[in-house]
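**Q** What follows is the residue order along each chain.
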Amino acid sequence: GENVEQHPSTLSVQEGDSAVIKCTYSDSASNYFPWYKQELGKRPQLIIDIRSNVGEKKDQRIAVTLNKTAKHFSLHITETQPEDSAVYFCAASWAGKLIFGQGTTLQVKP
Amino acid sequence: DSGVTQTPKHLITATGQRVTLRCSPRSGDLSVYWYQQSLDQGLQFLIQYYNGEERAKGNILERFSAQQFPDLHSELNLSSLELGDSALYFCASSPSRRDRVFWTGELFFGEGSRLTVL
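Here the protein sequences come in this chain order: A and B.
2 is the number of the first residue of the first sequence in the working numbering; add one for each residue after it.
671 is the number of the first residue of the second sequence in the working numbering; add one for each residue after it.
Rather than coming from a laboratory, the hints here were simulated on the basis of the structure.
Hints may contain errors.
Each computed DMTMM-like pair below joins lysine to aspartate or glutamate, with the alpha-carbon atoms no more than 20 Å apart [unchecked claim]:
#  : chain 1 : residue 1 : chain 2 : residue 2
1  : A       : Lys43     : B       : Asp710
2  : A       : Lys59     : A       : Glu84
3  : A       : Lys43     : B       : Glu781
4  : A       : Lys38     : B       : Glu776
5  : A       : Lys43     : B       : Glu724
6  : A       : Lys38     : B       : Glu723
7  : A       : Lys38     : B       : Glu724
8  : A       : Lys59     : B       : Glu776
9  : B       : Lys679    : A       : Asp28
10 : A       : Lys43     : B       : Asp671
11 : A       : Lys110    : A       : Asp28
12 : A       : Lys72     : A       : Glu3
13 : A       : Lys38     : A       : Glu16
14 : B       : Lys727    : A       : Glu40
15 : A       : Lys110    : A       : Asp18
16 : A       : Lys23     : B       : Asp710
17 : B       : Lys727    : A       : Asp28
If you want a taste of the chain A side facing chain B, the calculated C-beta under 7 Å gives, among others [unchecked claim]:
#  : residue
18 : Tyr33
19 : Arg44
20 : Pro45
21 : Leu47
22 : Pro83
23 : Phe101
24 : Gln108
Using C-beta positions, here's what the derived DEER-type ranges look like [what the hints assert, rightly or not]:
#  : chain 1 : residue 1 : chain 2 : residue 2 : range
25 : A       : Thr106    : B       : Pro740    : 23 to 31 Å
26 : A       : Gly42     : B       : Arg733    : 21 to 29 Å
27 : A       : Leu47     : B       : Ile730    : 18 to 26 Å
28 : A       : Gln46     : B       : Pro740    : 34 to 42 Å
Since this is a predicted model, take the numbers as computed values, not measurements.
Using N, Cα and C, we set each Cβ at its ideal position, and we do this for glycine too.
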C-alpha cells in the first residue's frame, strides 16, 4: 500500500528564516499531494495542495514542489513567523485513500 | 468552524467496552473519512465512505467498524476496547466529483472525539 515518509520530525528556525519539509511517497499512481497544518489542540487544516500535473504551486509565503520521477514533494515556508509554529503533515492520495506522513513539528523562535 | 460535527468530544470508558463515535459531514459532501491520531503520532487512515458505500480501507482493526447512513452521517464503532485504543479520532468530509470516482479534494476535519480507555 501507499507509504508516505516525512522529514524532519522536528524543525526549529529563527523568525524570518525559511523552513523546508520533505516527503516521499511509494505509489507512483498517487496524484494529489496536500499539506495540512495542525495547531496544538486543533484540527488539521489544509494550507496548500498540488496535483500531479503541476510541478510547483505558491501561495504567498508558502510553496510546494513536486518531483514525480523521484516521488517526492516539499513544503517551503519563507519569512517564518511565530504563528507558523505547528505540526505540518504531508499526504498523498490514491484510489480514495489519503495517507499522511508522520508530521513535522515546526518551532519558530522569535 | 469546518462544518463537520463530531460527537462526543470526549469519552472515557473501560477496557473491554464498546463505543460509537458519530460524524455529520458538511452539507453536500458525500465522502467521509475516519482517522486515528494517537499521542505524538500522525494521522492514521482508517476508512473512507462515499455516498453510503465503503470506498477505501486503511489499517482498521477488526474490532472497529464503520458505516455511512442514507442521510450521510457516519458512525465509527470501536469494540473490545484496549488501552492502546486511546486516541483522538477525527472525521473529515470532502467534496466529490461524480465524474471522477477516486477524485480527492480538500478534507474538512471535525474537532475530533478524544477517547480515553482506562
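**Q** Among the hints numbered above, which are violated by the structure, and what are their numbers in rising order?
**A** Hint check: 5, 6, 7, 9, 11, 14, 22, 24, 25, 28 fail, others pass.
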